[in-house]
Amino acid sequence: MRIPAAFRRSKGLIGAILVLSVFLVALLAPVFIPEDWATQMDMRARLSPPTWAHPLGTDQLGRDLMYRVLLGAQTSIYIASAAVLMSIVIGLPLGLISGYVGRTTDNVLMRLVDTLLSFPALLLALTISAVLGPNLQNTIIAIGIAFTPFLARIIRGEALRVAQMPYVEGARTAGNSDFRIIVHHILPNIMPAVIVQSTISLAFAILAEAGLSFLGLGTQPPDASWGLMIQASRDYLDRAPWTALVPGVAVAVTVLGLNMFGDALRDALDPRAKGGS
Amino acid sequence: MKRRDFLKTTTALMGGTILYGAPAMAASHSAPVTGGTLIWGHSETTQNLDMHQTGTASTGRVLQNVHDSIVTVDKDLKVIPNLAESFEQSEDGLVYTFKLRPGVMFHNGKTMTSADVKFSFDRCRNPDTGAVNFEVFNNVASIETPDDLTVIITLGQVNAPFLSRLAENGAGVIMPEGSGEVQGTTPIGCGPFKFVRREFGNEVELERFDDYWGGPAYLDKVIAREITEPTVRLTGLRTGELHMINDIPADRIAEIEADPNLQVVAWFPLNWDFVNFNHDYEPFKNPKVREAFDYMIDKEVLLEGALWGQGKTTASPSYPTSASYNAALTQRPQDIEKAKALLSEAGYGPGDLKVVFKATTNYPYHIEAAQIMLEWFRMAGVDASIEQLTWADWLSQCWVDKDFQITMMNFFTLWEPDFLYYSLWNTEGAFNYRKISNPMVDELTAKARVTVDPAERAEVYKQVQQVVHDETLDVVLWFRNGTIGAQPTVMGLDTIVHPNGSNLRFHKVWLAA
Amino acid sequence: MPDGNTPLVSVEGLRVEFASDGGTIVGVENVSFSVAPGETVCIVGESGSGKSVTSLSLMRLVEFGGGTIAEGRLRFAGQGGEIDLAQADPETMRGIRGNEIGMIFQEPMTSLNPVFTIERQMTDGLRAHRGLSGAQARQRALELLQEVRIPEPERRLKQYPHELSGGMRQRVVIAMAMACRPRLLIADEPTTALDVTIQAEILALIDRLKRENGMAVLFITHDMAVVAQMADRVVVMYRGNLVEEGPVGRIFAAPQEEYTRALLAAVPRLGDMRGKPGPEPLRLVGADAPDSVQAAVPPGDPEPLLQVLHLTTRYPVKGGLFRRTVANVHAVEDVSFDIAKGETLALVGESGCGKSSCGRSILRLAEPTSGQVLLDRTDVLALNERDLRRKVWRDIQMVFQDPFASLNPYMRLAAQVAEPLSNFGIAKGSEIEDRIAALFDRVELPRSFMRRFPHELSGGQRQRVAIARALAVSPKLIVADEAVSALDVSVQAQVLNLMMELQSTLGISYLFISHDMAVVERVSHRVGVMYLGRLVEIGSRAQIFENPRHPYTHSLLSAVPIADPARRTVRDDLKFRPIPSPVFPVGHEPAPSVYDEVEPGHLVLRQQAS
Amino acid sequence: MSYLVNRLLSMMLTLFLISVITFTVTNILPGDVAMMIMGTQSNPEALAGLRQSLGLNDPLIVQYGRWIGGMLTGDWGNSLVFKEPIAPLLLQKMKASALIVLFSMSIALVCAVPLGVWAAVHANRWQDTAASSASLVGVSLPDFFWGIMLILLFARGLGWLPSSGFIDPADDIWGAMRHALLPSLALGLGLMAHLTRMTRATMTGILNQEFIRVARAKGLDEGTVVWRYGLANAVGPVMTVAGLQVGYLFGSIIVIESLFNFTGMGWLTYQALLNRDIPLIQASVFVIAAVVMLANLIVDLLYVAVDPRIRLS
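So the sequence lines, in the order shown, correspond to chains P, C, G and A.
Mapping the first sequence onto the working numbering, position 172 (from 1) lands on 172, and the numbers just tick up by one.
Mapping the second sequence onto the working numbering, position 187 (from 1) lands on 187, and the numbers just tick up by one.
Mapping the third sequence onto the working numbering, position 84 (from 1) lands on 84, and the numbers just tick up by one.
Mapping the fourth sequence onto the working numbering, position 16 (from 1) lands on 16, and the numbers just tick up by one.
Because the hints were derived from the structure by calculation, they are not lab data.
None of the hints are false.
Here are the simulated lysine to any residue pairs, SDA-like style, with alpha carbons at most 25 Å apart:
(1) C:K402 with A:I28
(2) C:K221 with A:D168
(3) A:K83 with A:P279
(4) A:K83 with C:W391
(5) P:K11 with A:Q127
(6) C:K312 with P:G62
(7) C:K110 with C:I152
(8) A:K95 with A:M177
(9) G:K318 with P:L160
(10) P:K11 with A:T129
(11) C:K299 with P:D42
Based on the provided sequences and hints, a complete structural model is requested.
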């Protein structure tokens with residue numbers, strides 16, 4: 001049985017809808033839901049299972065999980081997006097220069113990147129977080145730095161590939177400066193790869209934020225972030241599994257959406273992945 | 001270094017040990033049996049195993065069974081003979097003479113002599129050893145050993161708490177001469193159990209020492225599995241993987257108590273908690289601001305919220321049954337309006353005051369408490385946020401660098417009032433990390449040191465408590481309960497809790513077949 | 001054995017469909033033809049004609065690519081009687097594939113499994129079909145390798161595909177296909193990816209095997225010259241349909257269909273230019289009668305436009321910890337030539353001979369190691385980057401081989417053509433727009449294409465844009481690096497004609513780099529033959545094609561298939577010398593090139609002792 | 001041979017850089033060794049004295065030299081907090097981590113490769129959609145979420161498996177496996193999903209290659225074509241991806257070991273970071289990075305074994 005094309009394409013659509021929804025929640029929840037609803041405690045309804053009053057239940061301090069997960073979206077998405085943005089801002093020029101200039105610059109940069117890649121990203125983020133101290137900005141910096149080597153490596157590979165294309169040589173003979181070649185001829189051609197990698201990185205960054213918060217080094221309480229919520233749920237797992245499930249599902253859905261979207265984007269942007277017919 | 005419940009070495013306490021669970025009650029009357037391996041789900045990771053160097057309750061809890069101290073306390077906190085058969089204090093309080101118990105065997109097969117005592121004390125007081133309790137011996141002028149079973153310690157000046165402090169393994173432990181090098185990894189003592197091995201972070205194995213001077217223990221072995229996750233520990237107990245666990249998650253105690261298949265040992269108090277202000281932080285220099293914060297906190301709700309009610313609120317940190325406990329003090333009730341009024345009197349309108357609450361993840365319930373208090377602070381118009389710190393960061397930032405605004409800490413119940421009040425609240429106090437400098441407290445704590453009459457002395461300490469409360473130098477919150485959960489087959493649990501409330505003794509514990 | 005009148009295979013009303021996201025696509029439709037035992041039938045057509053789909057259908061391999069045989073019968077007179085392959089179950093097909101029908105494919109480099117030894121790949125078919133033991137199969141594999149004349153067959157069996165050259169690999173693939181003595185061999189573009197000398201060898205091999213084994217061959221190709229050399233009968237296909245079928249002689253001599261005629265007209269035939277003074281456009285069917293190109297060849301112009309003197313280009317081979325140079329690829333070795341104004345110099349040679357590197361070195365897209373390149377007496381190699389841009393690229397432009405890679409996919413065509421105009425300050429503001437429009441007119445592209453992106457164009461159209469971009473600076477010289485090699489023959493002819501027309505009107509010079517001797521003969525004034533980085537022979541077109549002196553030029557010319565069935569050159573026992581490696585250790589300095597002038601302007605490299 | 005030598009030399013250089021980075025980063029950690037040693041007894045004079053005696057006042061380069069010298073000669077020093085000598089401690093913890101990393105990798109490979117091949121063979125059919133969707137969900141779930149779910153299901157709910165602890169396989173192989181199973185699954189499920197995707201992608205590419213067509217044209221049965229001709233070519237790329245995932249696993253164990261109370265390298269490193277036990281942080285971070293690099297080296301060498309093309313170059 002052949003799966004109809006429309007269905008296969010719907011993967012991207014579903015992904016896009018999921019991602020969009022999560023971003024909308026992240027943007028709009030703080031507008032429509034007063035911030036303190038996420039921290040309001042009800043000592044009479046601690047670890048309450050889902051009820052009419054608390055549709056997704058409450059946590060160990062009687063805080064409403066629905067509001068926490070909705071308002072937590074903002075924190076998680078903000079940290080992940082900012083971290084990925086940071087890794088692009090650092091990784092893009094590094095990768096471009098390394099790939100286009102080549103030679104010694106490339107050797108030195110890539111040796112460094114390879115070395116950094118030997119450190120597990122989470123370990124790197126954790127160590128940086130420990131160096132800088134736990135707070136929002138530092139979490140972003142930690143994840144951002146930890147992700148930079150990956151991005152630089154991928155961009156460098158792409159830049160190397162594109163720099164060897166005849167149209168780049170054509171652009172050189174057309175009298176373009178190196179800067180113009182990088183900006184107008186190489187950059188647009190590696191953007192698809194950057195965009196795809198960014199979606200994937202975003203998914204990983206959300207996981208990394210959750211991981212850091214899970215270890216107590218990310219978001220600080222009482223602010224809600226998904227990772228922090230999962231962390232807090234650890235002690236109540238068997239009694240109140242929903243405290244873990246609610247943020248866990250939020251993370252999973254977001255990452256799933258990003259991955260689906262990223263997959264579809266890659267298929268759409270990469271002619272080599274096209275076909276299957 | 002030094003994790004949970006540090007400073008336990010300075011303490012001794014006792015309290016009511018309550019046993020829940022009918023089968024245990026019934027079976028505890030039957031005759032003890034020898035044999036079996038008890039698997040204990042220990043709540044913490046043991047660290048440096050050198051009894052002198054380690055300051056952690058977790059390690060002490062285990063080593064309690066390996067070591068013995070020269071004297072000990074009974075359940076009324078009275079110092080009683082232990083490895084010393086008897087002891088005498090000279091009239092002037094400067095000379096202590098210990099007569100050692102003959103025939104006490106170390107695990108290495110040697111017999112204890114006065115040389116071992118001298119070795120142990122010298123090792124502890126030698127700064128190079130890095131002993132946590134070295135200051136106990138600060139006033140010691142000489143240690144003499146006229147014969148194998150006599151030790152004479154001469155002090156340079158009177159040190160009232162000296163003997164009490166020797167009742168703990170930390171300072172009073174006797175190690176075989178020359179064993180200093182190996183104590184950190186393979187401790188040797190003369191306690192009822194021999195140290196067999198430790199798989200770091202995983203488990204510690206103890207084996208019965210048949211030549212124990214107090215008679216051999218019942219259990220063949222004790223394996224302390226180090227399981228820091230409370231729910232994992234509880235699951236282990238329920239599935240029967242573990243015979244017993246300490247520190248039942250607070251929210252589950254009622255549930256376990258109700259479980260007919262498990263028994264619970266609970267005692268009170270384990271330790272006490274208080275909220276600290278940095279007295280060097282401009283707003284907190286004003287007593288009105290500190291008082292305002294006290295009014296923001298509903299102590300009962302906080303106890304319920306952070307510890308699921310497993311404790312008892314108190315305004316005094318003195319041991320509840322001690323003479324110095326100021327029962328007349330009551331905690332300030334929550335009154336947000338009053339707090340706001342006090343703040344504006346001090347010149348802080350809503351939103352003017354910005355504070356960071358540093359809480360350590362080492363005590364997860366501190367994080368919960370901080371979150372609850374934060375809500376109240378915010379209700380009172382204070383812009384507050386939390387910074388979670390690891391134990392190491394808390395120590396370096398709050399304890400050493402005194403770089404904080406508000407924090408929270410717990411201490412073991414210090415039954416020796418001089419140690420409690422002088423160290424914590426005197427300007428010169430060793431544990432005055434809040435930069436408190438109150439002339440009244442300074443005067444009173446100094447006065448207490450030279451007050452000989454116990455009743456009078458107790459009165460002085462009550463006055464200290466009054467000042468601490470009136471000036472809101474800190475906000476004393478509560479005493480916390482200690483708990484153990486066990487299978488019904490574990491017998492002799494009524495003997496397991498050391499009077500200090502922290503250490504567990506397996507000497508008289510046995511497993512029913 | 002069926003007699004000659006019973007076809008071995010007869011395809012009747014074949015229709016193959018492919019499911020795609022946009023619905024069903026018809027691969028081929030209503031195709032009928034037959035192959036008699038011992039006969040060679042060539043299916044010829046341009047890309048998209050459905051010729052490969054037809055051959056894959058016979059093997060029922062089309063199904064693995066997502067196709068289905070919707071209609072038609074594929075009757076095959078197998079050993080077990082006639083069956084319809086279109087209806088055969090998978091088990092039967094497995095018994096036929098590789099056993100009664102063998103197949104070889106286009107890419108020898110990817111036709112062999114890179115991680116298995118030759119022996120394993122040669123024997124597994126034998127063991128499957130013939131149930132031979134390991135030793136027997138190995139023995140048979142050895143015989144087969146000998147049959148396809150692979151030297152040192154014992155050693156080859158133990159080797160992996162990457163250790164063999166392209167020609168050798170194709171021989172292995174053929175040997176594999178021949179393993180079970182199939183009655184039909186399907187060869188799908190078997191020589192397209194190969195150099196001309198190796199192509200000649202492989203064609204000869206297939207021809208010999210066919211004759212020795214009485215095997216029928218179904219030969220799929222786009223190359224009319226190969227058809228002329230191989231076919232008994234020809235099937236011409238176009239866009240999934242059969243256009244014309246007939247004996248090879250008749251197809252070439254008297255094509256019935258318009259399409260066949262156009263196709264044949266577009267094919268340059270080696271030798272057609274004999275006696276002609278200069279390049280001449282191809283006479284395309286349907287186009288206007290071509291003007292005979294009066295390429296102004298100033299004979300013996302004292303001022304050559306470009307002089308290349310002792311040009312040497314070596315690429316370092318990096319290795320080791322610090323990526324040091326461990327060896328050098330001697331891509332161009334002491335090459336000298338010049339190009340006059342309005343002249344086309346062709347550089348020919350097989351892959352790896354250094355002809356492309358030579359062209360790129362002149363523009364300094366590859367940095368030469370030594371030598372001189374004088375453009376109007378300015379030494380190009382001495383210029384800094386800024387002057388290089390201002391002086392050299394203002395006068396020399398390049399057109400690349402792959403039309404799909406030579407344009408930036410993310411830039412509108414107008415913007416790409418505009419780049420040199422604004423960068424070199426040739427035009428400003430609205431003037432640029434006008435210039436672009438004029439250039440599009442010049443390369444015969446509609447102006448509406450200016451707003452388009454490259455992917456909206458066909459290969460030939462893209463190559464026109466690339467030429468327009470090169471023309472934008474009004475260059476004196478265009479280096480055309482295999483500029484028409486990737487194009488279908490009819491498109492190729494149009495682009496070639498455009499280039500010749502531009503030369504005659506604008507007086508541009510070309511350095512025309514190509515491996516295709518017939519095309520070179522058509523477009524060039526002078527020809528240089530390259531081999532292993534050296535220019536082995538250079539002279540006028542007539543001198544090279546009619547009086548080749550260097551042995552390599554000889555063998556090259558003799559290997560070229562001619563698109564004329566009357567002039568068959570396929571011979572048995574062709575054996576060309578394999579090209580040695582151009583990689584030398586660091587510090588290796590080869591002897592300089594010394595030439596003998598055998599006739600005026602005709603230089604031949606003196607053979608070195610080694 | 002020269003490939004091996006080059007690869008080893010390159011490894012040395014990377015190790016050197018790893019050591020430099022590790023040392024530099026840990027040296028900018030707030031709080032210093034002296035303070036950690038003295039703890040609550042800290043006072044400025046004592047701290048200064050201790051710093052002097054520990055050589056903390058020496059230039060960084062001297063300190064680095066001393067540190068790397070110690071590491072090379074096997075003198076890894078003692079943990080500040082745990083007082084244990086670091087080298088045997090790391091060895092013990094690495095054993096635990098290696099157990100779950102290898103275990104999870106085996107589980108992942110054993111399941112992912114057939115699943116990925118199966119999906120590739122049925123590309124764009126329901127089998128592919130099912131396998132691809134499942135693996136997409138798999139890679140989207142955080143591993144600690146897997147861990148929590150596994151604990152809830154197998155330890156709390158069904159009570160089949162223990163939820164915590166490490167048992168040395170040398171002591172009790174069966175117990176060790178039982179204890180390692182859940183953490184390994186938590187690590188392995190995401191990995192499995194990832195490898196399934198990679199295998200599918202690689203195999204899809206391979207199955208479109210000419211040599212696969214040639215193999216079919218030889219009349220080989222589809223099983224041989226896919227599982228021998230196809231898979232033999234996928235082994236290298238899949239192995240490389242799996243090798244790269246070792247790094248990812250060593251990051252994940254920090255979370256998973258802490259969740260399962262499984263005291264391995266991840267747990268130890270986390271404890272060291274929490275306690276600012278700088279010598280232990282340095283050693284464990286260095287060891288993890290070195291092990292990750294070593295894993296990739298091994299994969300590279302294995303690649304040479306499975307792909308003859310690399311042998312010559």
